[in-house]
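Q: Here the structure of chain A is known, so what remains is to put chain B in place on it, guided by the hints.
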Amino acid sequence: GEDVEQSLFLSVREGDSSVINCTYTDSSSTYLYWYKQEPGAGLQLLTYIFSNMDMKQDQRLTVLLNKKDKHLSLRIADTQTGDSAIYFCAEETNSGYALNFGKGTSLLVTP
Amino acid sequence: EPEVTQTPSHQVTQMGQEVILRCVPISNHLYFYWYRQILGQKVEFLVSFYNNEISEKSEIFDDQFSVERPDGSNFTLKIRSTKLEDSAMYFCASSKGGNTEAFFGQGTRLTVV
Chain A
1 GEDVEQSLFL SVREGDSSVI NCTYTDSSST YLYWYKQEPG AGLQLLTYIF
51 SNMDMKQDQR LTVLLNKKDK HLSLRIADTQ TGDSAIYFCA EETNSGYALN
101 FGKGTSLLVT P
Chain B
1 EPEVTQTPSH QVTQMGQEVI LRCVPISNHL YFYWYRQILG QKVEFLVSFY
51 NNEISEKSEI FDDQFSVERP DGSNFTLKIR STKLEDSAMY FCASSKGGNT
101 EAFFGQGTRL TVV
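Going down the list, the sequences are from chains A and B.
In terms of the working numbering, the first sequence is residues 1 to 111.
In terms of the working numbering, the second sequence is residues 1 to 113.
For reference, chain A alone in the conformation it holds in the complex (with noise of 0.2 Å):
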């Protein structure tokens, strides 16, 4: 199937904002979602926002959604030294019943 892209790396300094980016494939995706990956560990759901909204916040983070570009972000304010990461942007298939993950970016944060 079709990629969901998501750039590689990112680098911050601690307390600057992070902004992550992810371009998804499915248009019909009910739910659209973040991961986080901390080395050695599982996925951890993060956040994850409603097709019909464009905006969500949730104390640090905001997931902006555009859906007519398929275009999904994830900002970290005041980003952390343990935020360092890696994040997956991920769509629903067209059943519902799975999720395709973009590859990760992976976050780095220095102090």
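FYI, nobody ran anything at the bench for these hints, they're computed from the structure.
Computed from a predicted structure; not experimentally measured.
Don't take every hint at face value.
Said to hold, decoys possible - Computed Cβ-Cβ distance ranges for the label pairs, DEER-style: (1) A/G40 with B/T76: 19 to 29 Å; (2) B/I20 with A/D69: 41 to 51 Å; (3) B/N74 with A/L45: 19 to 29 Å; (4) A/F50 with B/L39: 31 to 41 Å; (5) B/E59 with A/E14: 39 to 49 Å; (6) A/Q59 with B/K96: 19 to 29 Å; (7) A/N66 with B/E101: 19 to 29 Å; (8) B/I20 with A/L45: 20 to 30 Å; (9) A/D58 with B/Q64: 36 to 46 Å; (10) A/T81 with B/K78: 39 to 49 Å; (11) A/S11 with B/K78: 36 to 46 Å; (12) B/R80 with A/T25: 27 to 37 Å; (13) B/V12 with A/Q59: 17 to 27 Å.
To be verified - Just so you have them, the derived chain A footprint on chain B, three or more residues with Cβ under 8 Å: (14) 40 to 51; (15) 81 to 88; (16) 104 to 112.
Where is the CB? At the ideal position from N, CA and C, for every residue including glycine.
A: Here is chain B on its own, set in the frame of chain A:
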């Protein structure tokens, strides 16, 4: 907080051997999934399972793979005759509904030698 648990965390097996990866989904979840992540690559969907049957599977999930819910708590992935290219991290996940957020386990790292 309820979580998906997977065992073992790491398994090494010889090529051609059968392996069974085990998962205990969150207890009130009805949908169960297996995904895999080959080192350095993206997380790929393998199979979803609901009401004791496969609801969807990917091209990766060929005849070498099978899933089972042998009792009320476990969900297993069996690979009948492992190949070198089966080496990957295998993630189990569960969700309450088909279109609701899936919670993932910590993964089992399978190494085929």
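Q: If you test the structure against every hint from before, which numbers come out violated?
A: Of the numbered hints given earlier, those the structure breaks are 13 and 15, listed in rising order.
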